[in-house]
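Trainee: Taken in order, these protein sequences are the chains called C and X.
Just so we're aligned: the first sequence equals residues 1 to 306 in our numbering.
Just so we're aligned: the second sequence equals residues 1 to 289 in our numbering.
Keep in mind that the hints were calculated from the coordinates and are not lab data.
Just so you know, not all the hints are guaranteed correct.
Unchecked claim - Partial list, computed: chain X residues near chain C (C-beta under 8 Å):
1. N2
2. L3
3. S14
4. L17
5. Y21
6. G104
7. I111
8. S115
The structure presented is a predicted model; accordingly, all values stated were derived computationally and were not measured.
Glycine included, every Cβ here is placed at the ideal spot set by N, Cα and C.
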Amino acid sequence: MSSEPPALSVTGLYKKYGQFEVLKGLDLALCPCAIHGLVGLNGSGKTTTLECILGLQDFDRGEIRVLGHGPRKLHAAQGRIVAIFDTPSLNPNLTVRQSLRQALLLCDGAARKPAEVEAQLGITKFSDFKIKNLSLGNKRRASIAHALLANPEIILLDEPFNGLDAGGVDEVLALIKDLNQQQGTSFLLSSHQLPYLEEICSHIAILHDGQIAANDEKSRLLGSVQSTIRIQTNDNHRAAKIIGQQAGLSLQTNTNTDILLVNSEKIGPADINRQLVEQGLAVSEIVAERASLDSLFRRITQEPNP
Amino acid sequence: MNLAVKGFIKALRSELLIARYTLSAWLVVLLPSVFISLQFLVVKMSETGAAARDSLLGQGGFDAMIANNAYGHFVDGLSTGLTLLGLLLVAQAAYSFSVDRDSGALRHLLIRCSSRRAVVLAKLLQLHLLALLAILLLIATSYLVSDSLWDFGPVVEDGFELIGEEEIASEIKLGLELALLPLPAAIAFGVLVSVVANSATQAVVSALGLSLVLDVFKGMLGEYAYYLYATFQPSLLDQSYLQDVGRLVRGYSDVLVDERFLELNQWVPLPALLILVVASLFVVQKRKV
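Please construct the entire structure, taking both the sequences and the accompanying hints into account.
Mentor: This is how it looks when you write it as structure tokens:
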């Protein structure tokens, strides 16, 4: 982690809904200029965390600072902090252009013009459409445009890829990269879309059981995950024995899926394939699975927290 | 500039922009005037029919003369328009905060530029500006349309001037002033419901329902009803002083207005407004948005 003071810090955050304790001492820090992904299972408290950070709901205990401001005083940052939510969160009766004019009124010095962000997000042709008449994807583009008119230092995004088509996802990813690299904007992204987060984030935090179960630079986190090879043959028990003898490993077959998993650091897929074929086994599937956020996420969320 | 003031101004400018582009705000401003214009046309048509019938039967007299005086119609227009405007403002106020919370639009204001209290105060001021526009338009429409359909003049019977125009104007001014005083409290009531309710639909339905049921409730309160701001507001069941003025300018001399009632009308809506605004500012701090 960087030695600079964090742009956003959450310390010992506790939040209960009735008897259900959703956050149990959550700690999180967002380094300046980082793109920090926050991932977790459904109902793990990602949105609650963001809403507490943004002062939209109260929490029971803990401390939150964003650019030195408490959650109820974010407006004192004068537009340096913005958020994009999982729902469009724009006035449905305004057109896209009117909505962007409204956004201009909310910021002190607009960094961009409405026409510019409309073009950047590909919604120029919907400029005169009311927000309520847009498709979900275009509503999301409009809400991103609304946020980008200001010159934010931190952008918090809750499920930013929901409702976007493949092209839209690419545009948003490119936009996040550009803003981060050219203007040093920090991002905190909460999403289920692990491949996108893996592609774009510099840091990842995994929220599980009300706490941050893993939080580090992406490369370090993924470095801790072993790559595996998925194998399926006409006789997995014999295949396991052959590979085990060759690599000195004890292998197990997943009885539910009838798939053999091998640690790829010990042996490569080409070697495995050659040996199995030489032993007369029919290999119907052999896939090298690299260490991924998905595999790390699955590993952590399937384990009970210590 | 103080940060709180700056936030309030930004929120107000944003509210005014939204009002400029949304139908509900335009309805608040235009509907009372459109409605009373239609009312005047219907009344004029019905009077013309009655006059034709009376002329055929050789009847007419004081009633016809009174009906022809525009002042009575002008006041009727104000009374109807303000009754409608009161309800529209309560509904619009109830809608204002709750719909922004429903859509999530409120979040951008809170994160980027204004405190919760500044947003509530900006909404209150925006609603008062809408009310002011609606009232000015209502007075102008009521005056111009009644002037075009009838004639303004003193109330005269058998060549004797019962009520002069100056006295009529002064009574209308007083009636209007007393009818307008409770409007800010009505707006603040709508805003409080908006802040408390869980959705825009719930807020509008509750605010309108409570406004209407207050009329019934007042009957059960007896003397204490005078301490309820809504007693003095033109409404569907109750009578504001404006309705008495309507009778007065038609030459009815039996209009007796309780001085105490007038006094209460002048000050009761103000503490009510204060209480409702303070309650809204308190509740908004506690709500999830």
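Trainee: Each hint: holds or not?
Mentor: Going through the hints against the structure:
Of the supplied interface hints, the one on N2(X) is violated, with its beta-carbon coming no nearer than about 11 Å to a beta-carbon of chain C, more than 8 Å. Checking L3(X) against chain C by beta carbon gives a least distance of about 6 Å; that is within 8 Å, so the hint holds. A distance limit of 8 Å between C-beta atoms decides the matter here; for S14(X) the minimum to chain C is near 5 Å, and the interface restraint holds. Given hint, L17(X) at the interface with chain C, holds; its Cβ is 5 Å from that chain's nearest Cβ, closer than 8 Å.
Checking Y21(X) against chain C: minimum C-beta separation of about 5 Å stays under 8 Å; hint holds. At about 3 Å, the closest approach between the beta carbon of G104(X) and any beta carbon in chain C falls short of 8 Å, and the interface hint on this residue holds. Checking I111(X) against chain C: minimum C-beta separation of about 5 Å stays under 8 Å; hint holds. Interface restraint check for S115(X): the shortest CB-CB distance to chain C comes to about 6 Å, inside 8 Å, so the restraint holds.
Hint violations for this structure: number 1 only, all remaining hints satisfied.
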